[in-house]
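*Asks:* Start from chain S and add chain W according to the hints.
Sequence lines, in order, name chains S and W.
Note that my numbering has the first sequence beginning at 1, numbered continuously upward.
Note that my numbering has the second sequence beginning at 1, numbered continuously upward.
Think of the hints as simulated: they come from the structure by calculation, not from any bench.
Source: prediction; values computed, not measured.
A few of these clues could be false.
Have a look at the derived ranges for each label pair, beta carbon to beta carbon [claimed, not checked]:
1) W:K106 with S:S376: 34 to 44 Å
2) W:G148 with S:K283: 27 to 37 Å
3) S:R310 with W:K174: 22 to 32 Å
4) W:T109 with S:D408: 56 to 66 Å
5) S:V354 with W:T58: 56 to 66 Å
6) S:F287 with W:T109: 36 to 46 Å
By construction, the Cβ of each residue, glycine as well, lies at the ideal position given by its N, Cα and C atoms.
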Amino acid sequence: MKKNIIILGILCTLLFPGKTPSQQEFYLRITEGMPAIPIALPQFSFQSGSPEFQKETAELHDIIKNDLKYSRIFQPLPENYYSYIRPINPNKILFKDWQSISAHLLLVGEVSPLSGGDILFEGKIYDVKSERFIKGRRYQSEKSLVRLMAHRMSNELMKMYGEPPLFTSKIAFVSNRDGNDEIYLMDYDGQNQTRLTFNKVQDYMPALSPDGRKIAYTSYRSGKAALYVLDIYEGKITEIKTEGRTNYAPCFSPDGKVIVFCSHIPGGNPEIFTASTNGNNVKRVTFNNAADTAPYWSPTARQIAFTSDRSGTPQIYIMDAEGSNVRRVSFGGNYHDGPAWSPSGDRIAYIARVDQIFDIYILNIRTNRVTKLTESSARNESPTWSPDGRHIVFSSNRTGTIQIYSMDYDGSNVRQLTHRGENKLPFWSIVQ
Amino acid sequence: MKKILILVLVTILVFAFLISCRKKVEDVPAPPPKPQEIEQPKVEKVEEVPPVKEPELTEEEIFMAKSLEEINEEMPLNMIHFDFDKYFIREDAKPILQQNARWLKKFPTVKILIEGHCDERGTEEYNLALGEKRARSTYDYFISLGVGPNRMRTISYGKSQPIDLGHNEISWQKNRRSQFTIFEK
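The following block holds chain S by itself, in its conformation from the complex:
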C-alpha cells in the first residue's frame, strides 16, 4: 500500500511551469450558507488510439463527480447542459461556452496509456469567469489505483478552498463479518473495506490517530480488556500498560502524541487517564466517585469532552486537558453520552437516549443551541466527524442489523456504508 502511494506520488507535478500568471495559491474559506460552486465536469478524453482505458476513464470521471457532489462545496453541473455547447477541446478551451451554462470552475481530464499497463491521468482546473488556468495535476499508477487517483484530484479542488483532504480520509470500524468483532478500515465512501486485526478474541472501540497511521483499540487478547496501539503500516502493536486494569474508549490528541482513555481504578470505578502512544507516562486526569467515560480531545488540545454520571445521570462535561475547570454542557435529558468534538471546535456531537431510542444531536458550544440530526426509532450511536466537519459517521440498527452510515452535518444525505455482518463503532480520520 505504502509503496503504491509513493509510486502514485512521483508524477504529481505542476503543468506548464511559469507560463501562466495565475500560479499563486489562493485560499477562500467557505462557511455555512454559501451556495455550492457550480463546476463543469465534461467526460474525460483518452488519448487517440488507446481505447483500452475507456472503462478506467469513465470510472475516474464518476468517482470525482461523486466526490464533488458529496463535498457540499461543489455542485457538478447536470450532464445534459453539455449538449448545449460545443464539445470540449483540451487544447483550446472556449470559456464563453462554459460561461453560458453558468459554470464557475471547469475540470478537464485526459487519460493516456503508459508502457507496462500503467495509466496516466492529467487533470486541469480552469476558472471560467476570468478565463484562467488555475492548476493541474498529473498522476501515474497501475490500473487498480484508479480510485486513489480520482480522490487525490478531488482533494486538489478541496485544497483550493482551504479544506483538508477529505476524499482520502479513512474510517476505522468494528465488524463481526468474519466471526467475531475485529477492526477494519474503509474509505470515506465505504469502498476498500480492509481487515486489520486477526485473532479469535474481541477487538473493538478503535480510534484513528490524526495522521491516520495508528489505531488505538481495546482487545481481550490477554484475558482482560486492555488498550493497544497498532501501527497500521508497520504492523507493530504496543500495549498501554496500567497494572492490569480495564482500559477502553481511546482518543488521540490533535498532535497524535498522547492518548486519552478510560480506565477502571481498583474498586471498579471508571476514570479518565492519559498516556503517551508508546505506553509511557500514564497519568490520571479525573478524581471522582462517579463514572467518567468516553473522553474526546478538542481540536485545540486544550480541553477534553467526556461523559460523567456525577449528577446522577450520564451527561456531557468539558474539562481542561489537565483535569481542572470541569463544567457540564448537556441538559434537558437523563442520558447523554458519546461526545465527539467537531474539527472546527465549536460543536460537539453526542447521543441522547429517550425511551430506549438513541438519536444524534449537535450542541453548538458558542450559542448553546442543540440540533437533532437523526429521526428514527432506532439506536443511532457513536458519532464522529469527517476531517472537514461537514459530515458525520455513525452506527444505527434502523434496518434491523447494526450498520455504519454517514450523513451531512444537518442530518441530510444519509448513506449506508456497510452491508456485511454487523458493523459498529466507526471513527473517521485523515489519512494522507
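*Replies:* Here is chain W on its own, set in the frame of chain S:
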C-alpha cells in the same frame, strides 16, 4: 434327436437338484444367532463388576479428572441477573451466589472469572463501565461470603456478548447478568 432330448432333460434335472441344494444350504445357517444371544449375558455379568468401584472415587477426584472445558460446560456456578441500569445484587440473586460460594468452598483450588454483561440499551462505553460494576458487586458479595479475593478475577464485556438476541424485556433481562467461568482448578 432323442439323445438331445435326454441331454436337455438331464441338464434340467441337474439344475433343479443344484437349486434345491442351494436352498437347503441357505436354510441351514439360520439357527446360529441363538447361541450368540446366550453368550451375551455372560459378558454383561462381567461388566457389572466395575461400576461398583466408581463411587469409591471422591467428588474431588471426579472433579480433578475432568478438563476445564468439561467443567465449564456443566456450569456448576449459576449466573445471576440485574435490574435495568443497576448493579446491586438483587434479593433473588443472593441464594444463587450463596450456593455458588458453597460450591467454591468445596473445591478450594478453583479460580473463577466473573463476567459482567449488559443489555443493548446503552452506549458501548457506558455498558462496559456498567458491566465492570456488575462484576465488581458480584466479587464483593463473594468476599462477604468468605471466598478468597485471590480466587476471583473480573472482566466486563459490556453489551458485546448477549445470550439472547431479541429486542424485548425478556431478552434484555437475560442479558443483564454476571456469569462465571472456571479458569483454574
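*Asks:* Next step is simple, just say for each hint if it's right about the structure.
*Replies:* Hints versus structure:
At roughly 52 Å, the beta carbons of K106 (chain W) and S376 (chain S) sit outside the given window of 34 to 44 Å. The beta-carbon spacing between G148 (chain W) and K283 (chain S), approximately 33 Å, falls within the hinted interval of 27 to 37 Å. For the pair R310 (chain S) and K174 (chain W), the beta carbons lie near 31 Å from each other, so the given range of 22 to 32 Å is met. The hint said 56 to 66 Å for the Cβ distance between T109 (chain W) and D408 (chain S), and at roughly 60 Å that hint holds.
For the pair V354 (chain S) and T58 (chain W), the beta carbons lie near 58 Å from each other, so the given range of 56 to 66 Å is met. Against the hinted window of 36 to 46 Å, the Cβ-Cβ separation of F287 (chain S) and T109 (chain W) comes to about 39 Å, which satisfies the hint.
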